Amino acid sequence: MTRAEDQAAPSDGPDPWTAYASLFAGLALAIALLFVAKDRWFIRVQDAALGGETAGYAGAGDIQCQGAASHERCLSTYRAAGSGRSILWLGNSQLDAVNRIQPGDRNAPVILHDRLAARGRYLVVYQMPNANLSEHILATEAVLPAYRPDVVILPVCYDDIRELAVRDDVAALLEQPGLRRRLAATRYGRQVLAAAGVQTDRGEAAVNHDDPRSIRPKVEAALVGALEQHSDLWKQRDSLRGMLGFAIHTLRNKALGINSQTKRAVDPTLYRERMTMLGDYLNDLRARGVRVLLYVPPYRQNVSGPYIEGDYAAFKHDLAAMATRNGADYADLDAIVPGPEWGMVTDSLFGFQEYDFMHFTGDGHRRLADALDARLQAMSF
Amino acid sequence: MLFNSVTYVFFFLPLVVISYWALHGRARLGLLVATSIIFYGFWRIEFLPLMFASAIVDYFLAIAIDKAENPRQRKHLLWLSLAFNLGVLGFFKYLIFFKDTLWSLAGALGYSPSVVELNIILPLGISFYIFQTMSYTVDVYRRDIKPERNMLVYLSFVTFFPHLVAGPIMRPHVLIPQLLNPPPFRWRNVRIGVERIMAGLFLKVALADTVADFVNMGFDQPIANLTAIDSWTLAFLFGFQIFFDFAGYSMIAIGSALMLSIFVPENFNWPYMATSPREFWKRWHISLSTWIRDYLYVPIMGTYKAQGTGAWDTFKEESETRSAWRRTTALFLTWAIMGLWHGANWTFALWGIYHAVLIYAHRILSPLFRWRGKAMPGWIAWGIAMPFMMAGWIPFRATTLADTFTMWGKMVMPLGQMGRSLAPNSYILAAALLLGTAMLWFAREVVAPRLDPRSPVLAVARTFTFTILFAVVFVMLQSRSQFIYFQF
Chain A
587 MTRAEDQAAP SDGPDPWTAY ASLFAGLALA IALLFVAKDR WFIRVQDAAL
637 GGETAGYAGA GDIQCQGAAS HERCLSTYRA AGSGRSILWL GNSQLDAVNR
687 IQPGDRNAPV ILHDRLAARG RYLVVYQMPN ANLSEHILAT EAVLPAYRPD
737 VVILPVCYDD IRELAVRDDV AALLEQPGLR RRLAATRYGR QVLAAAGVQT
787 DRGEAAVNHD DPRSIRPKVE AALVGALEQH SDLWKQRDSL RGMLGFAIHT
837 LRNKALGINS QTKRAVDPTL YRERMTMLGD YLNDLRARGV RVLLYVPPYR
887 QNVSGPYIEG DYAAFKHDLA AMATRNGADY ADLDAIVPGP EWGMVTDSLF
937 GFQEYDFMHF TGDGHRRLAD ALDARLQAMS F
Chain B
26 MLFNSVTYVF FFLPLVVISY WALHGRARLG LLVATSIIFY GFWRIEFLPL
76 MFASAIVDYF LAIAIDKAEN PRQRKHLLWL SLAFNLGVLG FFKYLIFFKD
126 TLWSLAGALG YSPSVVELNI ILPLGISFYI FQTMSYTVDV YRRDIKPERN
176 MLVYLSFVTF FPHLVAGPIM RPHVLIPQLL NPPPFRWRNV RIGVERIMAG
226 LFLKVALADT VADFVNMGFD QPIANLTAID SWTLAFLFGF QIFFDFAGYS
276 MIAIGSALML SIFVPENFNW PYMATSPREF WKRWHISLST WIRDYLYVPI
326 MGTYKAQGTG AWDTFKEESE TRSAWRRTTA LFLTWAIMGL WHGANWTFAL
376 WGIYHAVLIY AHRILSPLFR WRGKAMPGWI AWGIAMPFMM AGWIPFRATT
426 LADTFTMWGK MVMPLGQMGR SLAPNSYILA AALLLGTAML WFAREVVAPR
476 LDPRSPVLAV ARTFTFTILF AVVFVMLQSR SQFIYFQF
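One line per chain: the protein sequences are A and B, in this order.
Residue numbering for the first sequence follows the working numbering, beginning at 587 and increasing consecutively.
Residue numbering for the second sequence follows the working numbering, beginning at 26 and increasing consecutively.
Simulated from the structure, these hints should not be mistaken for lab results.
This one's a predicted model, so the numbers in the text were calculated from it and none came from an experiment.
A portion of the hints provided could be inaccurate.
Short, incomplete list of chain B residues facing chain A, as computed with Cβ under 7 Å [what the hints assert, rightly or not]:
no., residue
1, F491
2, T492
3, V500
Derived contacts from chain B toward chain A, CB cut-off under 10 Å, selection only [said to hold, decoys possible]:
no., residue
4, T32
5, I217
6, D245
7, P247
8, S446
9, I493
10, F495
11, L502
Restraint ranges, calculated between C-beta atoms of paired labels, are given here [stated by the list, open to error]:
no., chain 1, residue 1, chain 2, residue 2, range
12, B, K92, A, G811, 51 to 57 Å
13, A, R767, B, P247, 16 to 22 Å
14, A, K902, B, P439, 29 to 35 Å
15, B, N294, A, T932, 44 to 50 Å
16, A, A851, B, G398, 45 to 51 Å
17, B, L130, A, A851, 43 to 49 Å
18, A, R626, B, V472, 30 to 36 Å
19, A, A812, B, S44, 17 to 23 Å
20, B, S129, A, F936, 52 to 58 Å
21, A, T932, B, G66, 51 to 57 Å
Note that the Cβ used here is the ideal one computed from N, Cα and C, for glycine as well.
Generate coordinates for the entire structure from the input sequences, incorporating the hints supplied.
Rendered as structure tokens:
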């Protein structure tokens with residue numbers, strides 16, 4: 587006659603000393619492990635994502651934004667510059683990360699910004715690592731009213747076409763007045779809203795833990811701040827978290843034999859949907875009088891890459907046809923950066939070295955800026 | 026306050042444990058009530074009176090029920106308690122849902138009622154503390170327990186912070202005696218408490234929150250885009266997310282209480298290793314499923330007769346004599362209510378009914394399917410039960426009935442739906458979690474019991490495990506999200 591809820595409490599029998607020894611040894615080893623990780627294995631989170639060779643950034647924070655967090659700063663810079671005629675460039679980490687950076691190297695947005703400035707135009711860039719079409723559309727729609735650009739430069743990276751989710755920092759741009767309503771009025775916009783999780787999210791608790799009427803977030807922030815002040819190990823938790831994620835990522839790749847050259851197919855159904863979404867958006871921009879320069883971003887040519895060649899060629903063909911159909915300008919820039927100007931994704935922590943198909947050197951950035959500059963001049967900008 | 030917060034782990038809990046053992050007698054109970062108020066008030070102070078009102082009403086009604094000799098009067102007092110508790114729950118949790126349903130129905134019938142906007146905040150943990158006080162009154166009515174007359178003991182029982190907002194739901198006959206006669210301090214309990222808390226935090230901050238990112242990405246995209254493989258993957262991923270989340274919460278609750286030498290019953294027992302739907306519910310959210318059985322299923326069956334012996338015992342003796350129709354009705358009604366208890370949405374009712382169908386189907390079909398004249402081997406039964414359990418999480422997570430049926434449709438008719446649209450790591454993660462769970466079960470339940478508790482192999486394995494737990498929890502501890510069951 588035993589009820590499930592009446593299960594016996596832990597017995598009061600002998601408690602082996604090894605149980606305590608294991609617990610304390612585990613705690614001591616964990617602390618030692620964390621200190622070794624912090625002092626010996628330390629890597630920057632961005633370095634982990636991009637690789638040791640691509641660890642340089644040509645800082646141009648005032649014209650290169652990542653999302654809502656930096657939007658106001660970029661907008662202030664634009665207003666300080668006189669709010670003149672502008673050009674908006676969307677992109678991913680290719681635009682800011684410089685491989686094997688040398689003193690004096692500048693990235694493509696900075697180079698192009700200066701050239702356009704000389705012709706009386708202001709270039710502003712919104713970029714996010716691995717940015718996808720949903721994020722590009724959301725960011726464009728969020729900032730269009732503020733910059734009123736003459737041209738939107740939109741790269742379509744074949745590898746990113748499979749992704750649709752909108753990350754938090756970009757989704758935060760939805761707070762721009764009227765943006766949700768505008769997006770909800772179009773089919774592509776509704777797809778973007780869905781990707782941004784605008785619908786009720788059953789995965790989150792109903793009670794907002796950042797409720798301003800709750801004292802919990804305030805106390806938590808104060809205590810975390812105090813710990814950061816007094817513990818260097820605690821302060822480094824972000825980097826340790828990044829290192830842990832990187833280790834898991836590497837383990838996955840090792841276990842499954844994945845490297846940067848592993849072929850990655852794009853699902854045909856997804857591909858069609860994303861291309862339809864892009865076509866709808868281009869058509870809408872044209873209807874609103876916004877010119878678009880659509881381009882295929884540089885892609886390493888001297889070694890076999892992750893794209894399936896036939897699919898990639900069809901993609902470029904489809905993109906060119908779509909640009910023609912929707913009155914957009916088109917540039918195929920995939921071969922403009924020669925092999926030596928690309929680098930390797932290297933990592934000192936796990937010691938791997940793979941071909942980088944996304945980031946190039948300062949010379950490569952100059953070539954990208956040259957190519958786009960030429961296209962813009964051909965478009966009379 | 027969140028269990029997965031710096032505030033709780035590094036400050037609140039250590040202070041409570043040290044203070045509790047420094048005090049004696051009633052002062053300890055005072056400490057428990059005071060700290061429970063702080064624990065709950067960290068969310069919103071203004072909802073504390075509601076919790077105390079619910080508790081105090083039942084305190085006095087239980088005493089009145091116990092004093093009353095007239096059965097009619099006792100029943101009236103019980104109904105008063107039920108009406109009050111269900112009224113509070115109905116107002117805060119279901120009013121908007123009922124209004125929306127009525128308005129939709131009116132719209133479907135051609136009426137267009139004027140728009141009424143209701144803005145009601147769901148108080149944290151209301152479903153749990155209401156169930157707790159309701160069962161207390163019912164137990165007193167059934168004369169299974171005597172009412173607790175000491176208000177401090179009673180309030181300690183209702184507000185005991187480790188289980189206040191999301192269970193495990195504790196019966197009065199389990200918790201009140203421990204509050205009245207607290208067991209002595211034992212290092213063993215502190216050690217096991219720390220181990221359970223670390224394991225629970227690992228499940229929450231390292232696993233549940235990580236899996237949640239993939240689940241949210243999957244469910245946030247248009248459901249029509251999902252394929253059969255995507256839908257199955259999301260079902261498995263959410264199944265693991267909610268398990269890690271809720272089992273993690275329960276472990277922290279059990280561990281926290283154990284550091285005070287208070288025993289809280291287990292809430293989970295390897296649910297995904299269940300070989301049948303019935304067994305699943307003996308392993309999943311045990312405190313709720315037994316509560317529902319004793320306070321809902323048994324009364325609906327009409328089998329509770331003998332007072333003072335406990336509903337379940339009576340049920341066991343009587344259930345076989347009940348008609349099949351009555352048993353089936355009780356099964357479906359109970360599960361529909363259990364579904365709605367989780368949330369005010371028809372998807373939750375569907376979730377409950379889905380499980381009723383599974384249990385009913387298993388009841389009917391299991392005798393027909395034999396393996397060489399015997400019951401089906403465990404591994405085959407597990408292979409059949411597991412996908413059904415996971416598919417059941419779709420209505421729990423999907424936002425609408427339409428989304429649920431779209432995903433289920435793709436899962437059962439996968440032809441032409443074999444593409445993949447989720448982040449590639451989603452599939453790898455789902456496979457890794459399935460394999461990891463099976464391996465861990467094998468190590469814990471098959472290998473470990475055969476080893477001498479003092480064997481060096483076990484000591485090394487435990488040390489390695491704790492090293493990982495401490496290091497990962499230290500790195501990952503942050504209140505990224507609340508526990509899923511906080512919303513219920």
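Verification of the supplied hints:
For B/F491, the shortest C-beta to C-beta distance to chain A is roughly 2 Å, which falls under 7 Å, so the interface hint holds. Given hint, B/T492 at the interface with chain A, holds; its Cβ is 4 Å from that chain's nearest Cβ, closer than 7 Å. With its C-beta approaching chain A no nearer than about 5 Å, B/V500 sits inside the 7 Å limit, and its interface hint holds. Interface restraint check for B/T32: the shortest CB-CB distance to chain A comes to about 5 Å, inside 10 Å, so the restraint holds.
Given hint, B/I217 at the interface with chain A, holds; its Cβ is 6 Å from that chain's nearest Cβ, closer than 10 Å. Here the hint on B/D245 is kept, as its CB sits about 4 Å from the closest CB of chain A, short of 10 Å. With 10 Å as the threshold, the beta carbon of B/P247 comes within range of chain A, its nearest partner Cβ sitting at about 5 Å, so the hint holds. For B/S446, the interface hint holds, the least distance from its beta-carbon to any beta-carbon of chain A being 5 Å, beneath 10 Å.
For B/I493, the suggested interface contact is upheld, since its CB lies about 8 Å from the closest CB of chain A, less than 10 Å. Taken as an interface hint, B/F495 checks out: its beta carbon lies about 3 Å from the nearest beta carbon of chain A, inside 10 Å. Evaluation of the B/L502 hint against chain A yields a held restraint, the C-beta minimum of about 8 Å falling below 10 Å. Between B/K92 and A/G811 the CB atoms are about 55 Å apart, so this pair conforms to the stated range of 51 to 57 Å.
Distance hint for A/R767 and B/P247: a CB-CB separation of about 19 Å, consistent with the stated range 16 to 22 Å. Checked against the hint of 29 to 35 Å, the C-beta distance between A/K902 and B/P439 comes to roughly 32 Å, which is consistent with it. Range check, B/N294 to A/T932: Cβ separation about 47 Å, and the 44 to 50 Å hint holds. Range check, A/A851 to B/G398: about 48 Å between beta-carbon atoms, so the 45 to 51 Å window is met.
Between B/L130 and A/A851 the Cβ separation comes to about 48 Å, which falls inside the hinted range of 43 to 49 Å. For A/R626 and B/V472, the Cβ-Cβ distance of about 34 Å falls inside the hinted range of 30 to 36 Å, so the restraint holds. Under the hint 17 to 23 Å, the C-beta atoms of A/A812 and B/S44, about 21 Å apart, fit the expected range. Separated by about 56 Å at the C-beta atoms, B/S129 and A/F936 satisfy the suggested range of 52 to 58 Å.
For A/T932 and B/G66, the hinted distance range of 51 to 57 Å is satisfied, since their beta carbons lie about 52 Å from each other.
Consistency with the previously given hints is maintained throughout, with no hint failing.
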